[in-house]
Amino acid sequence: MQMRLLRLAFVVCVLIGLTIAPARTRSNVPDVANGTIRGRVELKQAPPDVARRPNVADVAMARAHDPTDRRRSVVYLETAPRAAFDQRDEPRPKLDQRNEAFVPHVLAIVAGTTVDFPNSDETYHNVFSLSSTKPFDLGRYPAGRSKSIRFDRPGIVRVFCDIHSHMSAFILVFAHRHFAVTDDEGRYRIDNVPPGTYTVVAWNEATPTDSRRVVMPESGGDVETNFSLGRR
Amino acid sequence: MCRPYALATFRALVAALFALTAAPVRAQTLPNAPLTALDGKLTVGAEVVATFGEDDDVAFFNYTDYEHNALRMFRAALAASWRPASRIDVVGEVRTEDFGQVRPYAAYIRVRPWGNHAFDVQVGRIPPAFGAFGRRGYQVADNPLVGYPLAYQYLTSLRSDAIPATAADLLVMRARGWRTTYPIGSTEAAPGLPIVTAFRWDTGVQAHWEGHAMDFTGSVTTGTLSDPRVEDNNSGKQLSGRAAFHPIVGLVAGVSAARGDFLSSAVKHQIENPRDSYPQTALGVDAEYSRDHWLVRGEAIWSRWTMPFATEPHGYDLKATGAFIEGRYRLTPRIFVASRLDRLTFSRLQVGPTWAPTWDAPVTRVEVDAGYYLQRNLVARIAVQANDRDGGRVRQRTYVSGQVAFWF
Chain D
1 MQMRLLRLAF VVCVLIGLTI APARTRSNVP DVANGTIRGR VELKQAPPDV ARRPNVADVA
61 MARAHDPTDR RRSVVYLETA PRAAFDQRDE PRPKLDQRNE AFVPHVLAIV AGTTVDFPNS
121 DETYHNVFSL SSTKPFDLGR YPAGRSKSIR FDRPGIVRVF CDIHSHMSAF ILVFAHRHFA
181 VTDDEGRYRI DNVPPGTYTV VAWNEATPTD SRRVVMPESG GDVETNFSLG RR
Chain R
1001 MCRPYALATF RALVAALFAL TAAPVRAQTL PNAPLTALDG KLTVGAEVVA TFGEDDDVAF
1061 FNYTDYEHNA LRMFRAALAA SWRPASRIDV VGEVRTEDFG QVRPYAAYIR VRPWGNHAFD
1121 VQVGRIPPAF GAFGRRGYQV ADNPLVGYPL AYQYLTSLRS DAIPATAADL LVMRARGWRT
1181 TYPIGSTEAA PGLPIVTAFR WDTGVQAHWE GHAMDFTGSV TTGTLSDPRV EDNNSGKQLS
1241 GRAAFHPIVG LVAGVSAARG DFLSSAVKHQ IENPRDSYPQ TALGVDAEYS RDHWLVRGEA
1301 IWSRWTMPFA TEPHGYDLKA TGAFIEGRYR LTPRIFVASR LDRLTFSRLQ VGPTWAPTWD
1361 APVTRVEVDA GYYLQRNLVA RIAVQANDRD GGRVRQRTYV SGQVAFWF
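In order, the protein sequences belong to chains D and R. So in this note's numbering, spot 205 of the first sequence is number 205, and the numbers just go up one at a time. Count along the second sequence starting at 1, add 1000, and that's the number in this note's numbering.
The shape of chain R in the complex, shown without the other chains (with noise of 0.2 Å):
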């Protein structure tokens, strides 16, 4: 396991020092706008980020759906976007993580059916319309520091494809979240959840209205916002929503809701008088504010999944609660700091008449980032991230890492 991700690491790392190196050279023989064809109406934009660090297969804080690390990591993404009538847009995003796999990341059509209403649906392998960061930290230029939220990221012990027969089962995979295994449907070892997922998008059908001071976005889509699917495992659809206002310029505030239904119908056909359904419940909140060199963020993510046991096939109320803050602040033109202040807790589990612990390990994440722009869409960042959980073979953890990123 260690191999790939040396070799990974080594590649980024290259990466990263070529363009550290030739920047100050080399600054304006790099693409700054994104390319067009087709007389303005095919318009070509790229990304590539190498983000470096120690390398961490005991902790696994960081590790994503995908089970890439997010602190060691090659991403190159390219997106396209075709305009081939004036109220119609062809999107799509293709990406490859740490060399592998080339994944088609968005690939939708949107259409504006009234060319005087802001008013446009989207399908296909549509953005999220819950929360803020969904959207936002899946570009690299609108993320100020090199980690994730934990509600975005981090790894429950819940997964869509398997069950615990009994609490202890669940409570034996508590910090395990990386790699979990239960007795009821897929046996084998694998990632499980996040609160929502930051790494991958859904597929279904969007509407977005927006007006003077308010917006609103909705979607139907295949997967739930921990698991998001092209192709549907349960024939149960999510429907997820976001208003959001904005009072004044620099000021938004958004509230969001989400239900899906997230357990395989494999795992279901396993259990003996199943429930119709088993959701995945979510409300959140999030405001940006900025004003001048200062930039404000925070986020809440408040989650339930009703996840059955063998022994119970009516189900728990598994309740998780992420939270963040964060801010960036630019000293000087090129060079900007940035912090995240992120906690993720659990609700209880009464297994005993006096024991209920938490159904997973909670965590708390901090990290203050440094970076400096080598050209527009060029930059560095150096990044600090200690992670405290209360839980598993390591409790806590701080890791140093560099990312080099670069965008037109």
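Chain D extracted, bound-state conformation (with noise of 0.2 Å):
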């Protein structure tokens, strides 16, 4: 339930962001300096690793997996300014297989990037989602393969694998280019912000969303914001 509500605000957020946001720019954009909002995202309790499935049918212990981080947080404008849609060529993301762990755990793309999906694992993996945003099923596919989809809409895609239910990732698509992922210190920068009043956003997958307002002076410069997220 949780999980749906934050979709939707998710997909309302980046689609009044679409409509509005252009109105609310045209005006800055001459004779202004855009700025930087950064801070940090602080975790009151650090969520804990995704814990394989007690299989009594295994007759040798389990190996060993990388944790899944999930420290990582996505910080976003809830509206963003027109030049947030602007087109660019960039490289393309991936979200690797290896140690049976989704590397990144969390990534933040712009609708309509490509998403590459490479197995570096000895064993076979299966990425799948079944989330309203992407649905999607790759099969199974060894070492040294990968496949990729494209994400269209925005939202968020949470991705499993079919073999092993302790690997999962979360892929946040956005309308927009103003959003950052935080870094092992919590730490996010989102460059290139035009004058004006936004909502800033912190989102992680084991807290509840927090929202802040900010002002971006005409004249530009740094804005921190900084995000203490953990239940209420």
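Honestly, the hints are just simulated from the structure, not real lab data. The reader is advised that the hints may include incorrect statements.
In silico lysine-lysine, DSBU-like type, Cα no more than 35 Å apart, as pairs [said to hold, decoys possible]:
no., chain 1, residue 1, chain 2, residue 2
1, D, Lys-94, D, Lys-44
2, D, Lys-94, R, Lys-1041
3, D, Lys-134, D, Lys-44
4, R, Lys-1268, R, Lys-1237
5, D, Lys-44, R, Lys-1041
6, D, Lys-134, D, Lys-94
Distance ranges between label pairs, derived from CB positions [stated by the list, open to error]:
no., chain 1, residue 1, chain 2, residue 2, range
7, D, Ala-62, R, Phe-1245, 17 to 27 Å
8, D, Pro-93, R, Val-1400, 44 to 54 Å
9, D, Lys-44, R, Val-1111, 44 to 54 Å
10, R, Trp-1209, D, Asn-226, 50 to 60 Å
Quantities reported herein were computed from a predicted structural model and do not represent experimental measurements. Backbone N, C-alpha and C fix where the C-beta goes; we use that ideal spot for every residue, glycine too.
Using the hints, put the two standalone chains together into the complex.
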């Protein structure tokens, strides 16, 4: 329920952004400097790793797998300026399958991006998603092979492996370019933000989202906004 | 007898309907990952499976050795794995079927003596070493079909605690494995033995070694493939093992063998000049290949029970062979179809100069399923299963059943 609401809110926000942002930013485009919104997302409680399902039928100790990096958050503008919708040539992002984990665990992309899913493990993987944003099933393929999917609609895509239940990832698809995934310390940085008033949203898979009202001055510069995410 | 099943089915149906109707709205409120505690060292998972179909108190094609109908059953299981040290696992699972007694299905300790070798020793109520379905079919997520293979579920007319006085006694029980009676040993009617039971695990010690392209598993257990036991009933042990080869990713081929004393001492004591041992001997081959959206599996098991009659204490060799091939194809991320072709045959028993019937009635089974994933760990299936038996009161029967399964 919570995920559905989050997904709905996400899509609504992006659509609102699409419709109202051009009008708002048109007057700001000439003679102004773009700025940067940056800060840190702190998680009140570190989300636990996704454990392997206890399989009593295993005749051997389960292989160690890489932990899932669930600390990553995504910070984005709820409404985006027009320039954010410009097309740019960027390298194709990839969601690797390595040591029974998706790397990265959280991927943020612009709608229309094609993502590669290489298998870097010795075993089969079967990447799939049942999300309404982009349902897909890549089937089973061995090490060294890669398949790709194009994501055309904004929304949250939860990705799983059909063979390894502890493998999961999130792909957040945006209609604009003003978003950032946090680094190891929880820091983020959204560049090239035109002057204006924005709602900045912080998302993490394990917590409710949080948002802040941010004003980017005409002179541009850095605006710092920090978040503390956790169960209320 | 109908009453408990009717009640169980009603409850299963309610549970299934609840799950079906609640799922789209509350999909993400259901747990989708195992619960953890003790800093991740304790992992707890669960499985709830409601299978509903028509009542069957005549043909008994799908009855299990616990006297439940595999196509009309509610099952709940709780599994846990605790790792107190880096090379020790304590693993257990309790289950209840049709809201009956909660039973421990798995309870063992796993030790990896050397950290740099993939060699494990397991002690307790352990997974079967023999074959492939016995381990895979234990968890609903790994079994694409609702029904079970005949070799792992269908009850033959043999028992471990009762024997026929003559060959005629055995033939009278032909196609009546769900409830057999014999004059020697326990005289109460009780279910017969499948070739290998998929519903109970044996107790003993197991070792497993895994190499680059092959692995070996060997067990010494108290019971046998057809009659796994916690308490020994004949002082005989079963040796079983499987070698599996995985030359390329996606392909696994295995060969298995098992031999163990299956007849209880209580029956042996009633036979004049009994043999030391009346073993069940079994050989098996299995294979699995998967690629893209396909998954194909096959398995064949040959079993021989050395069965004494009161008139023939040396025993007859009663043989059975079960073989199946099954496949699954995912049409879309949510929808899949699966099918299994299955056959169980029996050796002939020479009871007259010109009369040599099979000692139990051969069965052919075809099942076709379609499934829909409501969420990753919540699946609804519908199955049509046709059975054809060369004997018994009811020789042909087609069942339509549905199943809702949830696990985390």
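So, going through the hints one by one against the coordinates:
For the hint linking Lys-94/D to Lys-44/D, the alpha-carbon distance of about 29 Å falls within 35 Å, and the restraint holds. For the suggested pair Lys-94/D and Lys-1041/R, the alpha carbons sit about 32 Å apart, so the restraint of at most 35 Å is met. For the hint pairing Lys-134/D with Lys-44/D, the CA-to-CA distance comes to about 31 Å; that is within 35 Å, so the pair holds. At roughly 16 Å between alpha-carbon atoms, Lys-1268/R and Lys-1237/R fall within 35 Å of each other, so this suggested pair holds.
Annotation: proposed proximity of Lys-44/D to Lys-1041/R holds, straight-line Cα distance about 22 Å (limit 35 Å). Note on Lys-134/D and Lys-94/D: the hinted pairing holds, with a Cα-Cα distance of about 16 Å set against a maximum of 35 Å. Between Ala-62/D and Phe-1245/R the beta carbon distance is about 21 Å. The supplied range of 17 to 27 Å therefore holds. Hint check: Pro-93/D to Val-1400/R, Cβ distance near 47 Å, so the stated range 44 to 54 Å holds.
For Lys-44/D and Val-1111/R, the Cβ-Cβ distance of about 39 Å falls outside the hinted range of 44 to 54 Å, so the restraint is violated. Restraint check, Trp-1209/R to Asn-226/D: a C-beta distance of roughly 53 Å satisfies the suggested window 50 to 60 Å.
The earlier numbered hint that this structure contradicts is number 9, and it is the only one.
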